[in-house]
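For the protein sequence lines, the chains are W and U, in the order given. Going left to right, the first sequence walks through residues 69 to 512 as my numbering numbers them. Going left to right, the second sequence walks through residues 69 to 512 as my numbering numbers them.
It should be emphasised that the hints constitute simulated quantities derived from the structure, not laboratory data. Honestly, I wouldn't trust all of these hints.
Any copy, or any two copies together, can satisfy a pair, since identical chains are not distinguished.
Subject to a maximum C-alpha distance of 16 Å in a straight line, what follows is the list of computed EDC-like cross-link-like pairs (lysine to aspartate or glutamate) [to be verified]:
(1) K411 / E150
(2) K108 / D78
(3) K284 / D308
(4) K179 / D307
Protein chains: 2
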Amino acid sequence: MKEKILKLIDENKYIQARNEIVKMNAVDAAGLFDEIDQRKLLIIFRILPKDIAADVFTHMDSDLQKYVIDSITDEETVDVLENLFLDDTIDFLEEMPSNVVKRILRNTNEKMRTVINQFLNYPPESAGSLMTIEYADLKKELAVKQALQYIKEIGVDKATIDTCYVINYDRVLEGVVSLRRLILSDESTVIKDIMETDVLSVNTHDDQEYVAGFFKKYDLNVMPVLDNENRLVGIITVDDIIDVIDQEATEDLHKMAAIQPSQDAYLKTSNWSLAKHRIPWLLILMISATFTGGIIQRYENALQSVVLLASFIPMLMDTGGNAGSQSSTLIIRGLALNDIKPKDILKILWKELCIGSIVGIVLAFVNFLRIYYVSKAGLLVSFTVSLTLFITVVLSKVVGGVLPIIAKQFKMDPAIMAGPLITTIVDAVTLLIYFKTATHLLNI
Amino acid sequence: MKEKILKLIDENKYIQARNEIVKMNAVDAAGLFDEIDQRKLLIIFRILPKDIAADVFTHMDSDLQKYVIDSITDEETVDVLENLFLDDTIDFLEEMPSNVVKRILRNTNEKMRTVINQFLNYPPESAGSLMTIEYADLKKELAVKQALQYIKEIGVDKATIDTCYVINYDRVLEGVVSLRRLILSDESTVIKDIMETDVLSVNTHDDQEYVAGFFKKYDLNVMPVLDNENRLVGIITVDDIIDVIDQEATEDLHKMAAIQPSQDAYLKTSNWSLAKHRIPWLLILMISATFTGGIIQRYENALQSVVLLASFIPMLMDTGGNAGSQSSTLIIRGLALNDIKPKDILKILWKELCIGSIVGIVLAFVNFLRIYYVSKAGLLVSFTVSLTLFITVVLSKVVGGVLPIIAKQFKMDPAIMAGPLITTIVDAVTLLIYFKTATHLLNI
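Assemble the whole structure, with the sequences as input and the hints as a guide.
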């Protein structure tokens with residue numbers, strides 16, 4: 069299919085190509101546009117039916133969107149924008165440089181301009197910035213027959229009519245009724261009698277993560293957004309929520325890897341900007357790690373008399389870091405998914421203490437066998453290293469399990485308390501235990 | 069509201085409590101049931117209308133579900149199950165111990181038993197195990213009016229009627245038509261003329277991650293599932309996909325933290341089982357880290373003459389590990405979200421080389437100032453440490469950026485190539501560079 073269309077375009081058979089593209093899914097068509105020679109792309113784009121052109125435009129890569137908008141006339145731009153849903157328009161404008169945005173705003177009518185400006189002013193990651201205004205609204209006094217008739221008239225332009233919102237004359241939300249319910253009800257039934265009045269809603273300023281939580285908890289497909297006076301101003305659909313869920317998971321993951329989070333695609337972000345997001349935490353952690361160095365310096369004499377001790381430092385540090393990361397990752401993710409609540413802190417402390425003991429005994433035992441029998445390190449040294457390993461593992465587990473919860477209680481992001489930071493903390497403690505044990509047991 | 073109902077139950081005013089619960093959202097009602105005294109809970113559960121009882125049951129915690137099923141009669145169990153959608157029944161049965169499953173299967177009719185057994189046999193994490201069979205199907209010869217009439221008759225029992233599936237007499241999927249389209253079309257239009265024939269579908273054996281990818285790419289709310297003969301056997305709805313997306317992100321995160329992934333909630337999993345999931349990778353990494361120890365042993369003499377060198381080992385190891393984790397995390401997530409493709413490997417190699425150089429120069433510079441001016445470590449030692457740091461950062465970035473892609477190309481899970489493994493690899497290389505540079509520059 070794709071190859072066939074590309075071939076048609078190659079042979080300048082534009083009309084035939086268009087007739088094939090029209091049959092395609094808009095997402096796939098947008099993908100196809102990515103591979104067409106840019107001049108030919110404009111020809112095809114111009115001869116597509118307006119609604120399909122707009123639909124394909126929505127799914128294009130932002131670079132390609134910019135190219136298209138830069139190349140078509142103002143009039144054509146208006147045609148495209150008029151066929152977009154408002155949330156898609158906003159998504160697109162947010163990606164464009166300001167000169168393109170200005171040009172587009174200049175070419176829309178005043179009413180639309182006001183709406184767009186209002187949307188661009190909602191805080192990023194707020195419910196307002198996610199919503200669209202193309203919803204179907206009804207009045208509660210209508211009978212089902214009239215309601216269906218009304219939906220038939222207005223439905224074509226709406227993002228969804230599967231759920232209809234019942235509002236009063238001040239636009240205050242009074243209830244919700246699904247198209248399904250309308251269809252399954254008798255024609256003479258009045259909306260008031262079948263609408264649900266216990267409606268879940270969010271405010272324009274609610275954070276997108278909070279909104280996504282609602283969708284997950286109640287298995288929603290769409291949700292109304294109200295302003296501070298409980299007036300219906302928009303709806304959020306589940307497809308945008310799926311993007312939010314991915315975004316939030318990415319953000320957590322970045323923070324857990326000590327990167328300042330960013331939503332920009334890796335390959336499209338400049339090296340400078342990527343470096344800038346990575347340097348701050350690396351610097352902080354680097355400087356913190358010098359404390360660990362200080363501990364080694366303090367025990368220089370011990371090291372000088374038994375240099376062999378130094379060779380176990382990497383293994384102890386790595387194992388401690390890994391053990392702590394495991395716990396902190398489980399807890400951070402549990403907190404993000406609401407499986408774990410801050411009030412569970414004592415339960416977690418105890419659990420990690422138990423798990424740490426089991427894991428610590430197994431690792432210490434294997435480690436002892438390895439360095440006593442394979443590395444032939446002497447009984448006391450083997451014992452010192454294994455004992456330190458055990459204590460390190462237990463401690464790392466407890467620290468890794470508890471710190472994310474403490475962070476949450478102090479209204480910090482638990483994701484900061486992940487591998488890198490835990491490792492730095494655990495390293496220092498590990499070395500302290502190591503040298504304390506060694507000087508004591510080995511009499512140095 | 070919640071407090072009021074709990075108070076009513078406390079005062080044994082069950083009927084009044086029921087009348088309030090009936091008005092609640094089923095998810096919230098299930099949450100409320102968690103807090104009711106268990107004996108009283110059964111009384112309330114029994115006097116709820118059957119469909120609401122089933123709905124609340126679906127959203128209960130599996131422990132509570134088990135308690136309810138264990139306590140009610142076989143007849144009551146049948147009542148509950150008959151009011152559940154099939155996918156919820158399967159979800160519930162998968163959580164129950166085998167004696168409960170057996171008892172339930174004994175009490176369902178033979179047809180249902182066959183269906184349930186078939187579903188329980190789909191591979192976990194397959195499209196088959198996610199789907200439900202309550203969909204609305206139409207024949208393409210129907211007129212819109214007849215179709216709507218038919219939907220009205222069968223609609224009440226269906227999971228969704230917002231999208232209807234057009235199948236032939238062998239149940240082969242021929243097209244799809246939305247309820248919206250039906251409503252907006254003329255009553256005499258024939259389904260054949262308004263149905264979409266370019267239908268996206270998955271096979272019962274497709275992996276859930278693949279299915280979730282489809283939902284994301286095409287912004288779907290529901291998707292048909294076909295068997296190997298292209299017959300429609302079920303549908304998957306977007307609420308189940310949201311769970312899949314969370315699950316897959318959790319799974320990746322666990323692997324990245326060197327834990328064998330598990331879907332069980334942390335607080336409900338036994339300490340033994342949690343420990344068992346953590347030990348294997350810790351053991352592997354612990355044993356790998358002893359190679360790093362071997363390197364230190366090889367340079368024992370160098371260390372003995374300049375013991376100060378040992379004190380920079382933790383900082384070098386940690387910074388290398390962190391720098392590598394940053395890159396591998398970005399790449400692993402990019403691969404999971406399909407923003408990065410294996411064919412981009414050379415671009416990424418080059419990008420990480422550039423970013424690594426920028427980050428490396430900044431860190432090495434700050435580090436030099438710190439240890440030369442603050443720790444007063446001597447020019448040559450400061451230079452040795454900073455040069456090693458620079459090389460380590462560049463190398464970690466490249467290794468961290470490239471290894472996940474190589475893993476993917478070898479059909480391994482890129483998530484394994486995360487922090488812990490990268491750190492272990494980078495540590496060894498760092499120490500080798502460190503001692504090589506030191507012996508060379510310091511003449512030891």
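### Task
Provide an ascending list of the numbers of those earlier hints which the structure does not satisfy.
1, 4
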